[in-house]
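Chemist: Going line by line, the protein sequences match chains A and B.
Under the UniProt record's numbering, the first residue of the first sequence is numbered 1, with each subsequent residue one higher.
Under the UniProt record's numbering, the first residue of the second sequence is numbered 1, with each subsequent residue one higher.
In short, the hints are calculated from the structure, not lab data.
The reader is advised that the hints may include incorrect statements.
What the hints assert, rightly or not - To be clear about the criterion: a stretch of chain B counts as covered by chain A if any three or more of its residues have a C-beta under 8 Å from a C-beta of chain A, and this derived list gives those stretches: (1) 196-203; (2) 218-226.
Unchecked claim - Restricting the straight-line Cα-Cα distance to at most 20 Å, the calculated cross-link-like pairs of lysine to aspartate or glutamate (EDC-like) are: (3) LYS88(A) to GLU316(B); (4) LYS183(B) to GLU224(A); (5) LYS2(A) to ASP266(B); (6) LYS2(A) to GLU265(B); (7) LYS88(A) to GLU63(B); (8) LYS88(A) to ASP314(B).
Only a predicted model underlies this, so the values are computations on that prediction, with no experimental measurement involved.
Backbone N, C-alpha and C define an ideal beta-carbon position, used for all residues, glycine too.
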Amino acid sequence: MKRHLISAADLSRDDALLILDTADELAKISERSIKKLPTLRGRTVVNLFFEDSTRTRISFEAAAKRLSADVINFSAKGSSVSKGESLKDTALTLEAMGADAVVIRHGASGAPHRLAGWVRGSVVNAGDGTHEHPTQALLDAFTMRRRLGPLDGRKVTIVGDVLHSRVARSNVLLLNTLGAEVTLVAPPTLLPVTVDSWPCEVSYDLDSVLPKSDVVMMLRVQRERMNAAFFPTEREYSRRYGLDRDRVAKMHDEAIVMHPGPMNRGMEIAAEVADSPRSTIVEQVANGVTTRMAVLYLLLGGADLGGEIQ
Amino acid sequence: MTTTVIKGAKILGGEPADILIRDGVVAEIGQGLAGDTEIDARGLIALPGLVDLHTHLREPGREDAETVETGTRAAALGGYTAVHAMANTDPVADTAGVVEQVWRLGQEAGHCDVRPVGAVTVGLQGERLAELGAMADSAARVRVFSDDGKCVSDAVLMRRALEYVKAFDGVVAQHAQEPRLTKDAQMNEGAVSGRLGLTGWPAVAEEAVIARDCLLAAHVGSRLHVCHLSTAGSVEIVRWAKSKGWNVTAEVTPHHLLLTDDLVEDSPVGSYNPIYKVNPPLRTRADVEALREALADGTIDCVATDHAPHPVEDKETEWAAAAMGMIGLETALSVVQEAMVETGLLDWAGVAERMSFAPARIGRLEEHGRPIEVGAPANITLYDAAVRAEVDPAGYASRSRNTPYEGRTLPGRVVATFLRGRPTVLDGKLA
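One chain only, chain B, in its complex shape:
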């Protein structure tokens, strides 16, 4: 029976302690512990393994952008021990067969746990429900259902989906985007879109759907999760729904906590650079401030990356022709440190709640999102918050390079990640 001891790590940024891991479980926490393998973690922060509710692994179908293997490597390097793989693959993950395939690929890769998200509607077409129960009962045990990339805009279909998944404690994760208000939309509708002559993507297109869905969830007594909140108005609506006691949760992406729409007009990489094209679009400084505040006060439950890999040729185009999305697994924790920790809005316990405990609760992952305490599965991330480095995607594990942070200096570095006691990352490299 081999044991590993992590020496001198500051659990959630607290006092240094040793963490003894035996059989994939935290066996003891204290001082002067010894084990077969010793990891020097002095100066490092120990966080529970991060959990992502919103990852695009692209397999099956777009293996040129990402595979389960490369995407989960990126996840491990970013400190994640579990990711939810979004359903908008080709074929769409709308049957037990596809979700089991993705789940099995995750098992084989072994870098982190992969929990597939099932499509709400067949082919993401928004017309009829996919076999949600079959996906829930499959080996993949799907609990999160989403047509992400597309909005379940039909109110009746959304109501039925919210009701139906109650039978297996599922949750519908809505991509809130009123399709008519966002026809041909290119970027946040505001002063910048007006000047640039790019079709506007109004905040109301997101907020109107969120308001409707909160009311629907309340009406049928279901759980609703709102993907990637991007506007101050969305925050207000979710805050209102929570104040009513309704079972609504929400996520925000790292990039919506840091970047604003004026980068489309003027940035170190020029004007109209589609590296900043993303769905939902980057919004204004006021929106960023509201999102940060909401993540701090718990109105927004968690950070989710919306890691969206795209090959170079889908971004090296004119703006309107470019794909929407940014990669984010390998920079998420650093961006959260910059946007939330260094601004004093969250401490490390708060980061653990927003990036591990809450997403695991929403996704119903029993083995993840547990405090680092005796008896818990040893899913642990060791993080050096003291370093700063320039972002260089050349070394990323993701197959794609569409990061908006290239050349920007970000704080922090994931030093090690443990999945059930087994290191997936050591010394910042895949173990």
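Extracted from the complex, chain A is given alone in its bound form:
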């Protein structure tokens, strides 16, 4: 494994499988009454969040704490950053405090790459702008594997605002690495103009893709996109690209429905679909903690896990 996890492209197939297998082992701990391992005792993990994302932050926080790491939460709001401190100065501050890993969420694509140049510890990208969110892709792959088994040859359809989605970018890369076949479905306005250079298929017609999909992953669509003419109205978007009960009926029996959250119920996904047995949305949240434990464990510890879990 590389020192940082910034892009899903940083992971070889072996790396990705090691993370998923490690997460499988760690999941067993989550089922115990005492969920804590001593592995990262004395190590410091900083959660550096420039964007509000309570879900992702507490997921990383829980992961680090279950490995006994010291966790420092640094939220940009109300901190020195809101007084104009630069990312570099924040990085140097964390460096001086001896952060072993920095988990960064930032609104600017590429911010984790810059950070990695300024700190000695491992950098974990927890979402950068419209670029990537590799641990989301890992927890999604983990969830798919638990439901469906190995991902080789599995057909995954990702639907929605691909253009602005860091989840989509990381998933396309990781799923390709793991041998799955990805199809992106979106209105043409919400796909990059050069999407044909991505390792996946593209369709504008959700109905034609659903019957052969093993996984349908719905992306959050921001209503503000309407104002920039990406699509005409919420209702039109929902009619053409939303996943409702009628569309789910076209999926085969084992196929699952995923969503990285937070959802717009009634827009990209109908409430009854989100709450159906096909939906893995709540599992994804739980799996997020174990997958992130595996990432922190392998980046910071890396020792053999076998002895600790027994």
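Since the structure of chain A is provided, determine the placement of chain B on it from the hints.
Modeler: Chain B alone, transformed into the frame defined by chain A:
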């Protein structure tokens, strides 16, 4: 009456000759000439002093990035004897007062001639015309007008500006960037921007404005100059406009002749390094090839540096927060040698045309851009094309260090620069 003789220089790369300078003028060219001061120029190429149509000197307002003093030192070290100082200062150079201030600072510095560019619109706001005539009539004798950094996107305002400057033989230099198509844009829209999740800056945003402006210039019979062409499509449009006989000229920057957008993804200085963030953005290899070809065949008239200094803190940030621009005065000739001469696309006479004669014609500079011949002002650059060296900005005269070439090996070195017979640079150092 002191005389200087440059011994054995190859004028435009030709046969070695001696150049005798008296009273700031080339007095004689021949063999075995003698003078009070002798400069050994054996092996060096003599070029007419370079002229830059597009320089950001940042003064007044951003003296932390550059001043007229430091910027013109950099220009002299790069072989320039005249630069056009862009108008996007603070306050904006949109009045006779500001352009005269910049012009006077240039006179006082004395490293090269400074010709201020006047803003087209008040405060670069794109709403009403600045007092273009007052700037033209001022001591600074402004002939080039530009809102550079911002596009004159209003078609009526652009038409009026093109028409109005005819009265004093001015030219509007357009920064072609359709603002709506480039809202929040970060880098060339293409495969790399798609992967990196950076908002795309489509080629059409440049090309659409250039096409419109060529048509406007033709309609009103005016002169149009297009700043920093960056796409193959822009080249095609300018080529078409020229084929119609319209009075359109164009420039290209050294960096658009050499660098491509994939450096944003992967470079020796990492991913997302804003050292490569520039306006217009770095484009693709196909664009670079088209720009080189266009500069070679004359579709693009000249090389202009778009020297854009920024302090370290404006580049040591995340990509989206970083300032756009690169310094270029001290590397321009080397980059042109690498991109155009070593590829066989231009000879040294061609370099002289594109980096001295043409920009001087477009800017209406009478004393610059003249062939090295008896009677011409002795604005001369001596260049050693045979050396190669690694770029190290530590020694640059510019106050800023935002060069994209650090660590890269480039050919050539400016050995001496003469401004009206007076050396501003000797032995590669300020004289």
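Chemist: It remains to establish, for every hint, whether it holds in the given structure.
Modeler: Quick rundown of the hints versus the structure:
Only when three residues or more bring their CB closer than 8 Å to a CB of chain A does the claim for the region 196-203 of chain B stand; here the count is 6, and the claim holds. Only residues whose C-beta sits within less than 8 Å of a C-beta in chain A count toward coverage, and the region 218-226 of chain B has 0 of them, not enough to reach three; the restraint is violated. With a C-alpha separation of about 7 Å, the suggested pair LYS88(A) and GLU316(B) falls inside the 20 Å cut-off, and the hint holds. A threshold of 20 Å between alpha carbons decides the hint, and for LYS183(B) with GLU224(A) the separation of about 15 Å falls inside it, so the pair holds.
Between the alpha carbons of LYS2(A) and ASP266(B) the distance comes to roughly 16 Å, so the proposed pair stays at or under 20 Å and holds. Annotation: proposed proximity of LYS2(A) to GLU265(B) holds, straight-line Cα distance about 18 Å (limit 20 Å). For a cut-off of 20 Å, the pair hint linking LYS88(A) to GLU63(B) is broken: about 23 Å separates their Cα positions. Pair hint LYS88(A) plus ASP314(B) holds up; C-alpha atoms about 11 Å apart against a cutoff of 20 Å.
Checked against the numbered hints listed earlier, the structure breaks hints 2, 7; every other hint is satisfied.
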